[in-house]
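Asker: Here is what each chain is made of, one letter per residue.
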Amino acid sequence: MTSNTGLIAGLLLLIGAFVYTFWPENSFAAQKQKTQLDYLLERKEQLYENLRDLNFEYRAGKYPEEDFEAQRASLETETAQLLSEIERLQQA
Amino acid sequence: MRLSFTKWTFWVKAAQAAALMVALCFTLGATDAGSRFNDLGHRMVCPCGCAQLLGECNHVGCPDSDRMRSQLASYIRDNKGDKDILTAFAAEYGPTVLAAPTTQGFDLVAWIAPGAVFLAALFGVLLVARHWAATRPQAVTAQSETPEMSAIKDKIRRETGADGGF
Amino acid sequence: MATFGSFALIAALALAAYNLLAGIFALRLIATGAQARISPERLADTARRAGIASFVAVSCAAFALIWSVFHNDFSIAYIVEHSNRALPAAYKFSALWSGQEGSLLLWAWLLAGYGFVLRLTHKNDVKLYAYAGTILAGIQVFFLSLLNFAAPPFSLLPGYVPGGPLPDDGNGLNPLLQYPEMVIHPPMLYLGYVGFSVPFAFALGALMMRYPGEKWIRITRVWTMVTWTFLTCGIFLGMHWAYAVLGWGGYWGWDPVENASFMPWLAATAFLHSVMMQEKRGMMKSWNVWLIFVTFMLTIVGTLLTRAGLVSSVHAFAQSSIGTWFYVFLGLVLLVCLFTFILQKDHLKSDHQLESLVSRESSFLFNNLVLLLGCFVILLGTFWPIVSEYVWDRKETVSGPYYSAVAIPIGLFLLFLTGVGPLLPWRSASLKAIRRNFVIPVIALWGTVIVALVAGVRPWKDGEFQAGTFYALIAFALAAAVLTAIVSEFLRGAGVIAKQTGKNLFAALVLLTRRNTRRYGGYLIHIGLVIAIIGFAGAAFNRNVEQEMGLHSKIHLGPYDLECIGFSQDSNANYNSEFALLDVTSNGKPVKVLTTSGFTNLQMTPEKRVYLASQQPQTMVAIHSVPEWDLYVVYEGINPDSGQPIIKAILNPLVGWIWFGWIVIVIGSIIALVPSIIPSTVVLKVPARATVPTAALKGGD
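Chains as they are written, first to last, in my numbering: chain A, -10 to 81; chain B, 9 to 174; chain C, 4 to 704.
I should point out that these hints are in silico values taken from the structure, not numbers from a laboratory.
Each hint should be verified, as a subset may be incorrect.
Claimed, not checked - Using 25 Å as the maximum straight-line C-alpha spacing, the simulated SDA-like pairs for lysine to any residue come out as follows:
hint	chain 1	residue 1	chain 2	residue 2
1	C	Lys592	C	Thr608
2	B	Lys163	A	Glu31
3	C	Lys398	B	Cys56
Start from the sequences, fold in the hints, and give me the full structure.
Answerer: Take a look at the structure:
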């Protein structure tokens, strides 16, 4: 390939890149702002996961009864507060 | 917390005992000529640029290793001490011939730093953990529970109790 | 093609720069809500497209270089230095990373490739991806500037005029690189190095935009895992290459370049663990952010070590001027990280506190402590020659003995934590829980110690203490304990599932793993690591014999007898070679191996090659690998006095376990990357409590 054909190929590349970058199109994805509710729902998912995990590990014999009861209680309290907050936001 | 500290004391004691044992054994060992040759050969590197330990350098045509090994053997025959031998080699070939930093002067830093950093970090972690444990909010007591709350809790238990619902 | 390549690189730089500037401008507009003539979201989208176009441009440049290598275009200086006509086609690809310019191009291309995937998948979370894409563009601008201004791969041969005379042939590829693994090892390592730019960009971006919640971690997790796996593969392939090619019988020499790849691995491993605490419990946010910052900076330090000849090393490239560029870049990255961190520090408050010193969380704390200590020690050892020369003007060597003394205890402690961590439950563990979970592993530990002592693994030999054997003994015992702990974790979980679903144990194991691929894939990675560590510990028992071999003379080593039945020479267009033919018997019986023509008697042919273009010699080691050990035979050369070959035979116990462990690690990583089955919230017909008879709880171990 001579340097002239190289130059032409390079220019074609540049034009292609330019056209692709600035092609007028209006269907670009919008930057949605995450709401407080989205955030809380994510947290709920995680807390549910933690609770399921706790149950499973208890069943697998990793927690003595007392440890399990105490931890489930504290996790459930946290989740309950979160859920009531979610409910409040959803009604609003 | 108490539990964790008893456990720690156990580990610390075990580590001390192990360290003592290792130290004791190092002072005992390496007496006969063959093992001294082997030991010292593994405390120096071949200076030809092959980056191998002197005792292991074996590439054909190495300009240094054979000569240095016979030099080492003759030092050992002359009953020179380990330290003298290493000093003699370092004087002849430069300190780069030693495979590890010495235990003198600034070199001590290379040996002390890992342990010091470990202890400092361990201390830091314990401190942080203690601080966390001390400032942890108390668990909410069940008495302050409203009927709505317990309804939600029942729902939670129903939804998560099955750990995935097989 | 040189013109096209250079042009493509300039275009790529321009596009990346546009991505960076337009991205910053647009995100600034969105963040402040200021009015502008163009919609900031539209501007951000053009920035993203410029990033995609920049990938195309870098790809064109990489293609141009490969094309020139294949067409032996000796007008390009780089091709003359790193290729020749007789080079086999597969190794022509290796020319891309055998020199500084080429490997920087590979780096830039992979970075653009990662960026390309990131920018295409931006709909996952448009804003976060816009931040990450812009930060990535910043890194791209740096590497593309290097390629355009400091280390251009397409510069023409000095004094060459178009149409003028050209060299007949190139200087050829470094023979050390002419080995099948060398076609995949560097790209793997680079994929690992470069890949950490992505989690870095996400973490920095999430911090800059004050991303609410921890979901960005879930988004980056795949990237971090993939990158970590590539780096792991790169390191293991490098070890295997060193073992099979360098011919000194070992696989790790604590060379600065090896250390350079190991340090980010340690930091990234720490990150992968501690990030779980953030995802699960919202803890350790600042720490995690810094871990990923440090990991990224260590990859840059690693590149600096290899590319800029900062520390002398067997495989570092010659001293060059690009060091300054890297210092400036490193300083800039550090400043940006510090600035962002200080500005957004209040965003990183923990949601939870540690509840107990004895819990999974605290085991992660210690795991991080030890991993980073390892990282620090290696950093210290690697830079010690520079420090020492600076402080008291003494050039020193830091090699194997220093690291064995310092790093092995750290490694063993880490192995210990590998076993302890999974046994500790999240949040807190009572004494009762500990007793319940630790009994079996502790029995396994002491059982192994006793068995090993009886079998002859004794740290005392003739009244003398053997540190290597002592460490090996500890490693074996801990390995047994850790394996037991992990296997019991699997069995316990599978037991619960088997009871609930009535499936057999194997089906239950599969279901268990699919239910939480991340945890059980992770455990599998631990198993792989433990297997590899057993292999490392085997090095304490290496034996070797070196001998000049006449026709029919024999070497005796362990159970093996090697008989020389001939030595010969051969040559082709690429190299000349000398080799010996050895018949191998074990305890007097021939060793059978499976070949394409069925079981045949083992014959080993260690070889030495001299490559014609570079006039450099190269050892081809003959290896016979069985689970207990490798028989490793090196052709050392011909004794000029007698004309007979010198053969070195080494018996390396358990080396095969290292490669097997690596395969397990890779399988574990792949499993961990598969999404878990999403648990439904369907209620079981039987209440949870009723499914577990109390007897089962007592017999939990």
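Asker: Run every hint past the structure and note whether it holds.
Answerer: Evaluation of the provided hints:
no.	hint	verdict
1	Lys592(C) - Thr608(C)	holds, 19 Å
2	Lys163(B) - Glu31(A)	holds, 18 Å
3	Lys398(C) - Cys56(B)	holds, 15 Å
Violation of the numbered hints given earlier is absent; every hint is satisfied by the structure.
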